[in-house]
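Asker: This is what each chain is made of:
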Amino acid sequence: MSRFLLLSCLLLTTLIVLAQGGKHNLGRVPTPEELQARDISVFPTGAGLPPGEGSAKEGRNIYVARCASCHGERGEGRGANPPIAGGLGTLKSEAPRATVGSYWPYATTAWDYINRAMPYQEPGSLSADEVYSVTAYVLYLDGIVSEGEVLNAKSLPKIKMPNRDGFVPDPRPDTRTQTR
Amino acid sequence: MRTASRRSFLIASSGLAALAAVPKSWGRELGEPVRPYGERSPFEKSQRFYRKSPIPETGASGTPLQDSYGVITPSALHFESHHSGVPQIDPAKHELLVHGAVEHPLILRLEDLQRFPSVSRIHFIECAGNTSGDLASTPRPNVQRSHGLVSCSEWTGVTLKTLLEEVGLKPRAKWILAEGADACRMARSIPLDKAIDDVIVAYGQNGEALRPEQGYPIRLVVPGWEGNVCIKWLQRLHVADQPSMTREEAAGYTDLMPDGKARMFTFVMEAKSVITRPSGEQTLHGPGFYEISGLAWSGRGRIERVEVSTDGADSWQAAESQEPRLTKAFTRFRLPWNWDGKPTTLQSRCVDETGYVQPTHDELLAVRGKNATDHYNGIKVWRVLADGKVTHV
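From first to last, the protein sequence lines are chains A and Z.
Numbering-wise, the first sequence is residues 5 to 184 according to our numbering.
Numbering-wise, the second sequence is residues 286 to 678 according to our numbering.
Next up, chain A with everything else stripped away, as it sits in the complex:
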């Protein structure tokens, strides 16, 4: 217990020091435009999601044109390219198929990943509306949203993904530890 208190005090002291800031006077202050342009972070609460919207209806054409050549018409994957749909109910089985629909806990994760990293050859080339639309289409493939459901910064974080409660914190060490 005393060790816990000591660690807490140390952490508190560190945080107080950390809150003061700026003693080397190095670097420069970003402009609001630079912050706006570079900050693409998105959080499960929806923080960071930009304006814009889209549904699976618009997403289908974009998906077929930009995504299907790697991920398949129905998100089944192709060759070395992973499936992104299907696999619901397989996580306990001998051959689990972990996809966006069956495994990913947050819809914001799909939006963020598509926005960051997809399409593989041209990441960053989709507009915000297109990212909402493609996200909607990928979720629609597994019946998580309906075809006409409009996703935007308000509605996307409210989607409860099928495997939202499927994660546990790291319990390790989960094997033998000797007492010293």
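Rather than coming from a laboratory, the hints here were simulated on the basis of the structure.
Here a beta-carbon is modelled for each residue, glycine too, at the ideal position from N, C-alpha and C.
Careful, some of the hints might be misleading.
Just the calculated beta-carbon pair ranges, DEER-fashion [unchecked claim]:
(1) A:Thr181 - Z:Gly545: 25 to 33 angstroms
(2) Z:Ala651 - A:Lys61: 43 to 51 angstroms
(3) Z:Thr343 - A:Gln40: 25 to 33 angstroms
Heads up, simulated DSSO-like pairs for lysine-lysine below, C-alpha to C-alpha not over 30 angstroms straight-line [to be verified]:
(4) Z:Lys455 - A:Lys158
(5) Z:Lys378 - Z:Lys446
(6) A:Lys162 - Z:Lys459
(7) Z:Lys655 - A:Lys96
(8) Z:Lys459 - A:Lys27
(9) A:Lys61 - A:Lys158
(10) A:Lys27 - Z:Lys455
(11) A:Lys61 - A:Lys162
(12) Z:Lys455 - A:Lys162
(13) A:Lys27 - Z:Lys378
Non-contacting residues of chain Z with respect to chain A, defined by C-beta distances greater than 10 angstroms in every case (computed) [stated by the list, open to error]:
(14) Val319
(15) Phe328
(16) Asp375
(17) Ser417
(18) Arg425
(19) Glu439
(20) Glu498
(21) Tyr575
(22) Arg668
Given chain A, put chain Z in place with the hints provided.
Answerer: Frame of chain A; chain Z shown alone:
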């Protein structure tokens, strides 16, 4: 006269061997002049291993651990794992943005970072998926292919704590999202207590600038944690009140258990050791003396001790650990061994400073099942055959 004849004899005898190959020069031709950037001997062929991939920018190459001496991995042989290729970055145009729940957001260039107080520390970096084939009972034939996604370097840079002190944290600061400048903008969230503990924003590796494939000009080094969080080509640090739940933390790098639940934020790479000599695909040339040598490391701290069995785990002997045993770094271990020429198995197990004992394959399989392929650290067994060939088990 006596001296001259002796000299003639020496020249004649040393010349005998060289005569056929170098008839004119007495084996004493002048060598190469100095050069601006050194290369290894052309006789040395050790290199990283990787499979050809239809998606070549997304892949990994493994360190030839069987050829390594000591604990430092040469930068040119440090393992690689990329998700959208290696960007070529001009450091004069590269900037690191530190923002979010901070008092003074900052943009820092490499030359700014190099003016902060610096540290140099030796740490391993290990891919979470290293040795994943062994859990699934599809072991690779040699140590490079089974264990090569781990390397150890001396990293130089500024501590993340120093940078966070510079920008000043707001009370809601709890997590830090780090983002790379690669095409996929690789991003991972790191909890604040780790960030201010021992994380380095590194620009130096083994005495020179980072290699491009190691994140040039700057990368995160998150000691003891899975390699993926050591974001390369670092361009942004977003201080936030929550993790972002990027794909790599919310879906990738999670471990699926037999009950269908998955472990999330399994950051630490637990204690692991492997015999690198003799190891798979090497050959012992008859009975006699061999030094067994290998590497041990733990993401929780220092290696306390390493034990080696040469008789199928019937008995274990204490190996000698090379000092200094550094925290979250490779420790080289060695054991003198006389092989009697009979078939046997060789294996090592380590214990770290927390008392954690490297588990067996079966112990891990019993707890985690066969789908939890990341973070595998089971004991590696090599089989020695009667003809001296060493294979995986």
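Asker: Verify the proposed pairing of lysine 27 of chain A with lysine 378 of chain Z, using a straight-line Cα cut of 30 angstroms.
Answerer: 25 angstroms, holds
Asker: The hint says 25 to 33 angstroms between threonine 343 of chain Z and glutamine 40 of chain A; measuring C-beta to C-beta, is that right?
Answerer: 30 angstroms, holds
Asker: Would you check whether the claim that valine 319 of chain Z is not at the interface survives, using Cβ distances to chain A and the 10 angstroms cut-off?
Answerer: 37 angstroms, holds
Asker: Just to be careful, I want the Cα atoms of lysine 61 of chain A and lysine 162 of chain A compared with a cutoff of 30 angstroms; is the pair within it?
Answerer: 20 angstroms, holds
Asker: Please check whether the beta-carbon of serine 417 of chain Z is more than 10 angstroms away from every beta-carbon in chain A.
Answerer: Since the minimum Cβ distance to chain A is about 15 angstroms, serine 417 of chain Z lies beyond 10 angstroms and the statement holds.
Asker: Phenylalanine 328 of chain Z clear of chain A by more than 10 angstroms, beta carbon to beta carbon?
Answerer: 36 angstroms, holds
Asker: CB of threonine 181 of chain A to CB of glycine 545 of chain Z, is that within 25 to 33 angstroms?
Answerer: Holds, at about 27 angstroms.
Asker: Would you check whether the claim that glutamate 498 of chain Z is not at the interface survives, using Cβ distances to chain A and the 10 angstroms cut-off?
Answerer: 19 angstroms, holds
Asker: For a C-alpha distance cap of 30 angstroms, please report whether lysine 61 of chain A and lysine 158 of chain A respect it.
Answerer: 19 angstroms, holds
Asker: If we take the beta carbon of aspartate 375 of chain Z, is the closest beta carbon in chain A still more than 10 angstroms away?
Answerer: 17 angstroms, holds
Asker: Straight-line Cα separation of lysine 162 of chain A and lysine 459 of chain Z no greater than 30 angstroms?
Answerer: 23 angstroms, holds
Asker: Determine whether the non-interface label on glutamate 439 of chain Z survives the test: each CB of chain A must be over 10 angstroms from its CB.
Answerer: 24 angstroms, holds
Hint compliance for this structure: no hint is broken.
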